[in-house]
Amino acid sequence: MSVVESTTRRTGGSTPHRAPRRATRTRRRRQPSGLPWLLSVPTLLLLAGLLGYPLVRMVVLSFQNMRLRELLSGRTPPWVGFDNYTKVLGDSTFWTVVGRTVAFTAVTVVISVVIGLGIALLMRRVARGVRLLMIVAMMFVWAMPQLVAAQAFRWITDSDFGVINYLIDKLPGVNYQNHSWFVNPWQGWSVITTLVVWAGVPFLAITLNAGLTQVPKELVEAATVDGASPWQTLRNIILPILKPLLTIVTTLSVIWDFGLFTQNWALRDGHPEPEYQTLATYSYTQAFGQSRYSLGSAISVITVLLMLGVMAFYIRQMFKIGEVD
Amino acid sequence: MVATTPAAPAVRTRRRTDDGVMTVGRSRAGTIAANTAGVIFSLLMLFPVYWVLNTAFKPADEVLALTPTFVPTHPTFDNFLSAFKAPLFLQDMLNGLVITLLAVAGALVVGFLAALAIARFNFYGRKGIILVILAVQLVPLIALLIPLFLMLQSVSLTNSLIGVSITYLVLILPYTVWTLRGFISGIPRELDEAALIDGCTRGQVFWRIILPLTGPGLVATSVYGFIQAWNEFIIINTLNSPEKQNLMAWLLQNQTTRGTAWGPLMAGAIITSIPVVIFFLIIQRNIATGLTAGAVKG
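Chains as they are written, first to last, in my numbering: chain P, 1 to 325; chain W, 1 to 298.
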């Protein structure tokens with residue numbers, strides 16, 4: 001999870017220097033290729049050992065049957081072929097979890113990106129002081145560790161002493177005293193969605209706002225003079241220019257939200273009920289809760305396969321926009 | 001040159017465009033509505049943060065009151081004291097510091113070398129390495145947890161600070177390489193060449209030019225790494241027992257075991273967040289300007 005988060009924060013300060021670099025490219029070719037490989041070796045070894053090998057091991061495990069007995073005795077678990085996969089794929093619970101994870105991702109990403117874009121546009125219209133207030137507020141939210149944010153929401157929606165119940169109860173004709181938000185999964189998932197959107201909007205809004213500063217004001221002015229409505233200006237001028245950035249942040253949001261773990265895990269006290277399982281928690285619960293390490297691995301493999309398309313799209317996009325050269 | 005003052009160009013652009021957009025036919029009523037919306041949005045965003053702070057400074061009886069107080073009328077540090085006195089809190093804080101610092105230091109040293117290779121050399125396989133570094137950042141961590149656990153267990157590195165430190169090192173490594181690459185390519189190559197012509201060896205170019213000029217980049221990168229390693233709790237919660245965990249895992253454990261002790265829990269959450277929030281606010285400029293730099297061609 002946090003591995004992925006890094007992707008956005010990566011290029012701190014790397015304003016591109018394309019022009020000078022291109023000029024020196026011919027000179028660069030002359031350099032020997034032994035030294036750069038030597039410099040990369042420690043990194044590659046560590047990545048291979050602690051990310052590559054586990055990845056292979058995960059696939060191998062999914063074709064074995066590793067239970068607690070094999071774990072304790074250290075014996076090689078028996079090979080079972082595709083048994084784990086047939087078991088997982090034939091299980092309706094699994095498909096419910098897949099459907100839920102996909103639906104959650106779709107809903108949350110759409111809401112977050114729309115709100116993020118709306119706030120980014122709003123930031124262009126407000127007075128300087130208000131904009132500063134918005135940035136400060138968002139920075140605090142962005143800086144908050146995921147687990148802490150989840151616990152804040154757990155406390156706010158607490159059935160006995162939560163402030164949300166108190167406030168809703170104030171509305172005329174509504175009794176929300178001791179209302180539990182997680183009995184009805186629709187309500188529970190609205191809380192989780194709110195939490196994820198709340199935590200995700202700062203990144204989206206601030207990034208998109210930075211992107212909006214690059215929209216040439218002459219274009220917007222010309223459109224206004226020609227009688228374009230604000231909506232037409234947004235659709236025909238701003239959005240096309242913003243598209244590469246919008247694609248990147250949307251893809252990242254999909255990858256993050258699809259891997260939802262912390263929020264539903266913490267809000268359900270580390271034991272998410274069946275209605276609150278996502279692919280990540282489901283795989284974790286199977287492996288570490290039930291000691292079905294192989295079954296958990298098979299679920300993980302399927303999860304990665306499901307995500308592969310989105311990941312490939314992200315990387316291709318990164319190469320395409322020239323961030324990687 | 002940009003690596004040393006990353007924020008400057010972005011700020012200038014922003015201000016210039018702002019004034020332009022603001023003047024384009026906007027009604028007064030619209031501006032008031034926009035400002036009001038902005039303020040309301042900010043307050044809504046801040047409310048959960050405020051509520052955590054508010055709760056942490058309340059005495060126990062006010063925390064568990066049916067009518068919540070919105071302003072702490074009797075502020076107290078009791079919750080913080082009881083968090084500090086809670087079993088394992090200090091121990092886990094110390095563990096977290098040790099693990100995080102080891103991981104960040106290791107990732108910086110190893111990552112800097114690779115970043116140097118990618119940023120300054122054009123060699124066969126360079127694109128492949130970049131691809132690997134981008135791709136591994138997208139693999140969901142949870143998926144790797146099962147094999148990682150089995151692997152570390154087979155070499156008796158579960159329930160040890162070293163095992164987690166190495167895991168975190170690898171966790172923050174791809175992005176460390178990626179960020180440092182950006183900072184190093186920001187240093188004009190002409191500087192290297194001038195130094196080489198003046199008789200510097202390759203080693204001297206590294207020690208006297210690249211390393212000092214990457215200074216701010218190293219700080220920003222290690223801060224990002226710190227935040228990530230400090231915030232991690234799933235791995236450490238799976239690999240280690242409570243006395244070998246960090247503060248995040250402590251929070252997770254205490255959310256269930258301490259039941260309704262909301263005051264101390266929120267106080268603990270604040271203490272845990274403080275280093276992260278401070279660090280984050282220091283380097284926040286890099287975050288916003290970094291991503292758009294390449295994605296939008298102005």
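Everything labelled a hint here was simulated from the structure, so no lab data went into it. It is possible that some hints are incorrect.
Straight-line Cα separation of at most 25 Å, DMTMM-like style, residue types lysine to aspartate or glutamate; simulated pairs [unchecked claim]: (1) W:K127 / W:E62; (2) P:K87 / P:E70; (3) W:K244 / P:D269; (4) P:K170 / W:D61; (5) W:K127 / W:E190; (6) W:K85 / W:E243; (7) W:K127 / W:E193; (8) W:K85 / W:D61; (9) P:K243 / P:D269; (10) W:K85 / P:E218; (11) P:K243 / P:D226; (12) P:K170 / W:E190.
Covered stretches of chain P, as calculated for chain W (at least 3 residues, CB under 8 Å) [as the list claims (entries may be wrong)]: (13) 139–147; (14) 181–191; (15) 283–290.
By construction, the Cβ of each residue, glycine as well, lies at the ideal position given by its N, Cα and C atoms.
Tested hints:
1. W:K127 / W:E62: Answer violated: K127 (chain W) to E62 (chain W) is near 59 Å, above 25 Å.
2. P:K87 / P:E70: 20 Å, holds
3. W:K244 / P:D269: 21 Å, holds
4. P:K170 / W:D61: Cα-Cα ~22 Å, so holds.
5. W:K127 / W:E190: Satisfied, since the Cα-Cα distance of roughly 23 Å is no more than 25 Å.
6. W:K85 / W:E243: 15 Å, holds
7. W:K127 / W:E193: 24 Å, holds
8. W:K85 / W:D61: This hinted pair holds, its Cα atoms lying about 19 Å apart.
9. P:K243 / P:D269: 39 Å, violated
10. W:K85 / P:E218: 61 Å, violated
11. P:K243 / P:D226: 23 Å, holds
12. P:K170 / W:E190: 68 Å, violated
13. 139–147: holds (count 9)
14. 181–191: violated (count 0)
15. 283–290: Check passed, 4 qualifying residues.
In the structure shown, a violation is registered for the earlier hints numbered 1, 9, 10, 12, 14, in ascending order.
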